[in-house]
Amino acid sequence: MYLFANATIYLGLAVSIYSLLIITLGISTQKQKLINSGKGGIIAVFTCAGLAMISLFYLLGTSDFHYQYVVDYTSSDLPILYKLTALWAGNAGSLLLWTFFLSLYMVMIMSSRKMKGNPMVPYVTSILLANAVFFFFILGFVAKPFELSNPVPAEGRGLNPMLQNPGMIIHPVTLYLGYVGLSVPFAFAMAALIMKNMDDFWIKMTRRWTIIAWLFLSLGNIFGGQWAYVELGWGGYWAWDPVENASFMPWLTATAFLHSVMIQERKNMLKVWNISLIIISYALTLFGTFLVRSGVLTSVHAFSNSNLGLYFLVFMGIAVIGSLYVLMSRYNLLKRSAGEFNSFVSKESSFLINNLLLVGAAFAVFWGTIFPLVSEAVRGTKVTVGTPFFNTVESPILLCMMFVMSVCPMLAWQKSTVKNLRKNFLIPAILAVIGMVLMVVLGIQKAWAVIGYGVIILLLITHYLEFYRGVKARRKMTGENPFLALYRLMIKNRRRYGGYLVHLGIAFITMGIIGSQNYDLQTMKTIDLGKSIEIKDYRINYDRLDQKKEGPNDVVFADITVFKDGKKLGSFEPKKIFYANSENEPSTEVTIISSLKEDLYVVLSAWENNGKATFLVKVNPMMDWLWIGSFMIVIGALFAIWNGKYQNITPRYTGVRKEVA
Amino acid sequence: MKNKAYFAILIILFIFQGSFSHAEAKTIDYKSAAFKAVASQFLCTCGCGQDHYECDPNTCSLTKQFKKDLVGMMNKGWDKDKIRKYYLNIYGESILTAPEKSGFSLTAWVLPFVVLGAAALSLFFVIRKWVKKKETGEMIIEETDEKNEVENEIFSSMIDEERKKYL
Numbered sequence: 158m159y160l161f162a163n164a165t166i167y168l169g170l171a172v173s174i175y176s177l178l179i180i181t182l183g184i185s186t187q188k189q190k191l192i193n194s195g196k197g198g199i200i201a202v203f204t205c206a207g208l209a210m211i212s213l214f215y216l217l218g219t220s221d222f223h224y225q226y227v228v229d230y231t232s233s234d235l236p237i238l239y240k241l242t243a244l245w246a247g248n249a250g251s252l253l254l255w256t257f258f259l260s261l262y263m264v265m266i267m268s269s270r271k272m273k274g275n276p277m278v279p280y281v282t283s284i285l286l287a288n289a290v291f292f293f294f295i296l297g298f299v300a301k302p303f304e305l306s307n308p309v310p311a312e313g314r315g316l317n318p319m320l321q322n323p324g325m326i327i328h329p330v331t332l333y334l335g336y337v338g339l340s341v342p343f344a345f346a347m348a349a350l351i352m353k354n355m356d357d358f359w360i361k362m363t364r365r366w367t368i369i370a371w372l373f374l375s376l377g378n379i380f381g382g383q384w385a386y387v388e389l390g391w392g393g394y395w396a397w398d399p400v401e402n403a404s405f406m407p408w409l410t411a412t413a414f415l416h417s418v419m420i421q422e423r424k425n426m427l428k429v430w431n432i433s434l435i436i437i438s439y440a441l442t443l444f445g446t447f448l449v450r451s452g453v454l455t456s457v458h459a460f461s462n463s464n465l466g467l468y469f470l471v472f473m474g475i476a477v478i479g480s481l482y483v484l485m486s487r488y489n490l491l492k493r494s495a496g497e498f499n500s501f502v503s504k505e506s507s508f509l510i511n512n513l514l515l516v517g518a519a520f521a522v523f524w525g526t527i528f529p530l531v532s533e534a535v536r537g538t539k540v541t542v543g544t545p546f547f548n549t550v551e552s553p554i555l556l557c558m559m560f561v562m563s564v565c566p567m568l569a570w571q572k573s574t575v576k577n578l579r580k581n582f583l584i585p586a587i588l589a590v591i592g593m594v595l596m597v598v599l600g601i602q603k604a605w606a607v608i609g610y611g612v613i614i615l616l617l618i619t620h621y622l623e624f625y626r627g628v629k630a631r632r633k634m635t636g637e638n639p640f641l642a643l644y645r646l647m648i649k650n651r652r653r654y655g656g657y658l659v660h661l662g663i664a665f666i667t668m669g670i671i672g673s674q675n676y677d678l679q680t681m682k683t684i685d686l687g688k689s690i691e692i693k694d695y696r697i698n699y700d701r702l703d704q705k706k707e708g709p710n711d712v713v714f715a716d717i718t719v720f721k722d723g724k725k726l727g728s729f730e731p732k733k734i735f736y737a738n739s740e741n742e743p744s745t746e747v748t749i750i751s752s753l754k755e756d757l758y759v760v761l762s763a764w765e766n767n768g769k770a771t772f773l774v775k776v777n778p779m780m781d782w783l784w785i786g787s788f789m790i791v792i793g794a795l796f797a798i799w800n801g802k803y804q805n806i807t808p809r810y811t812g813v814r815k816e817v818a
Numbered sequence: 064m065k066n067k068a069y070f071a072i073l074i075i076l077f078i079f080q081g082s083f084s085h086a087e088a089k090t091i092d093y094k095s096a097a098f099k100a101v102a103s104q105f106l107c108t109c110g111c112g113q114d115h116y117e118c119d120p121n122t123c124s125l126t127k128q129f130k131k132d133l134v135g136m137m138n139k140g141w142d143k144d145k146i147r148k149y150y151l152n153i154y155g156e157s158i159l160t161a162p163e164k165s166g167f168s169l170t171a172w173v174l175p176f177v178v179l180g181a182a183a184l185s186l187f188f189v190i191r192k193w194v195k196k197k198e199t200g201e202m203i204i205e206e207t208d209e210k211n212e213v214e215n216e217i218f219s220s221m222i223d224e225e226r227k228k229y230l
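As given, the protein sequences belong to chains A and B, one line each in that order.
First residue of the first sequence: 158, per the numbering used here; consecutive thereafter.
First residue of the second sequence: 64, per the numbering used here; consecutive thereafter.
These are computed hints drawn from the structure, not numbers from a lab.
Any given hint could turn out to be false.
List time: in silico BS3-like cross-link candidates among lysine-lysine, alpha-carbon distance up to 27 Å [as the list claims (entries may be wrong)]: (1) B:K195 <-> A:K769; (2) B:K195 <-> A:K576; (3) A:K353 <-> A:K188; (4) B:K143 <-> A:K682; (5) A:K603 <-> B:K99.
Can you make the complete structure from the sequences, with help from the hints?
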């Protein structure tokens with residue numbers, strides 16, 4: 158097994174190097190035979206990565222403690238699901254997962270029906286192969302997943318209890334799918350530049366790839382937040398930790414990219430900007446990996462310190478410098494078709510402002526993340542840049558972003574006149590202001606909350622009007638009933654209406670964030686058995702403290718009965734789990750009672766021999782909206798990329814070079 | 064007589080001062096807004112990555128003592144700025160959860176907005192250039208009616224649909 162498993166890695170490295178070289182040679186000599194050989198190599202690379210994954214799954218599943226990775230992240234009593242998902246609990250395994258996704262994407266591109274006969278494919282695959290070579294090199298020589306343990310222990314160290322949660326099964330996978338996914342549009346952009354194809358073909362070909370990568374990045378962040386909320390027991394979901402920031406930055410720039418490509422498609426403008434954005438997004442995914450693996454910044458998410466970060470830094474440097482060189486060498490060609498704007502007030506301008514704010518927000522996150530290093534380098538003092546900084550700096554930028562998002566759909570392409578603005582915005586603006594006044598009257602008086610909710614009202618109204626007008630126009634022309642008209646309107650312009658659904662999802666998420674950040678209540682009390690804690694309209698009776706065994710783990714739990722306005726909501730059991738084979742603190746299992754209005758969040762924090770127990774109790778308003786909004790983002794993105802009857806047109810390749818494909 | 068009375072009051076105050084402060088200390092909930100304002104300024108150094116407001120005193124002895132000290136200072140009537148200054152003098156800026164808004168650390172707060180402002184200004188000039196280019200190149204296109212734009216899109220999608228039937 159040892160030989161086989163390691164052979165998959167080293168063979169993968171050898172074949173990826175071979176494929177890269179042979180495809181490059183094929184491109185330069187214009188020999189299809191060589192390209193085909195390289196394509197065969199890509200399938201072999203995928204097979205190697207797949208077999209390496211299966212091998213590691215097998216070793217983890219069978220608790221083969223001859224292998225250091227199995228020892229480090231599992232124990233024999235771990236449930237089989239967590240044994241298997243321990244594959245991405247450590248450095249080597251998670252990089253193997255990354256490599257597997259990369260090779261999977263390469264095969265998907267290569268064998269896609271839409272890519273058949275596309276001369277960009279050899280260029281794209283060679284760029285992705287360069288990535289694969291790097292990852293296989295790391296797996297072969299730096300972070301080895303199949304290293305033997307010496308001596309062989311009788312038992313493994315077990316999986317970090319915090320990672321034993323369904324959220325942690327999905328969170329890394331989705332995040333990696335997003336990270337790796339962004340390398341696809343990057344590779345297409347580079348291929349287009351190298352081939353001197355200055356049209357928007359690469360954008361059209363990667364439109365769905367980019368949305369899929371963006372969706373997975375979104376899901377990665379959402380699942381991460383959800384995991385933090387239910388597992389960490391502090392009642393929050395986002396802490397602006399450097400590693401969280403690392404996944405948020407490419408999300409922001411990818412969002413900017415998704416919007417700005419529309420300008421290129423429509424007006425043949427912003428070519429340099431779009432390519433720069435995708436380079437930045439790709440570089441940020443590597444930067445994130447560098448942060449997680451290097452230990453250069455303090456983070457609760459970081460893998461154990463290793464020299465991996467240095468390799469990623471070097472690779473990132475090569476990738477960025479190389480892509481900037483390609484960009485600069487084609488700069489004159491890209492600038493040749495710079496377009497024109499009709500007016501300051503137009504949809505085009507709003508997209509540019511959107512880009513400015515998104516990239517500005519990404520820069521602010523980047524700056525805040527690296528500032529401790531900058532400060533240490535300049536002054537010798539390492540400062541901490543935490544939540545207060547990011548909340549203060551990001552809130553106004555993202556609020557402006559929400560405002561642009563709410564007005565953009567109602568602006569006309571080319572030029573919006575005063576008449577147009579008055580017609581589209583007067584009523585929504587009046588309603589938003591009325592909403593804000595009502596909020597103040599009803600007791601919501603924090604400035605950020607009032608402004609934020611006001612903007613959300615504006616967004617909801619403008620988006621409603623956008624759907625309403627579309628349906629109305631369609632009905633006028635076809636006489637369809639409203640539901641059929643809405644259905645057909647949406648499926649015939651999936652990208653636009655999918656995008657609007659995503660906007661609505663973002664609005665709901667923002668509602669949740671504003672509510673939970675500004676109006677949360679919490680208390681921490683130590684009480685005797687039979688006593689109760691009161692918070693807002695809730696009463697929590699503490700009935701019993703006991704302990705039990707759950708498999709190999711010891712569990713201490715409290716029985717509590719929760720009442721709201723005197724009405725019983727039920728009995729619950731917040732607990733602490735002491736995992737066998739774990740030297741870490743016990744894991745927290747919180748009680749969350751959710752409603753659309755708020756969550757009651759109860760944590761059993763501590764207890765004494767005399768039965769006294771300490772509870773952390775929080776009331777988090779509007780948390781469900783955050784999850785509903787997240788769900789809407791997924792629905793909107795899937796709707797936008799769904800290959801329906803009306804979206805099956807493959808753009809025609811009109812590039813200069815057509816010799817090999 | 065008067066002096067004796069003052070003396071007696073002083074003795075009583077001295078005897079019960081502990082009880083008074085104790086009673087006051089009890090009223091401070093570690094999760095109260097007042098305590099949050101003070102404790103969230105300081106980073107817990109136990110490695111949890113949280114501030115002293117969030118960090119659980121039941122699992123972290125470091126924050127337990129720190130919280131007690133904070134309550135003590137609050138009971139003495141110290142406000143959050145005074146407490147901040149106190150710890151800043153002892154531990155330096157590294158104890159804070161966010162950089163100071165002075166000296167070099169001010170750049171942390173200001174730079175994002177400076178960059179954003181400069182980019183916004185550049186964007187303004189770029190759009191102005193593009194608009195001017197358009198104006199000099201040709202007549203401005205008549206205003207686009209949003210309603211017509213939607214109708215045109217629907218109409219063209221219907222034509223497309225019909226066209227595909229014959230492809």
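Against the structure, the hints come out as follows:
1. B:K195 <-> A:K769: 75 Å, violated
2. B:K195 <-> A:K576: Holds, at roughly 22 Å.
3. A:K353 <-> A:K188: 20 Å, holds
4. B:K143 <-> A:K682: 23 Å, holds
5. A:K603 <-> B:K99: Given that 27 Å is the threshold and the Cα spacing comes to 17 Å, the pair holds.
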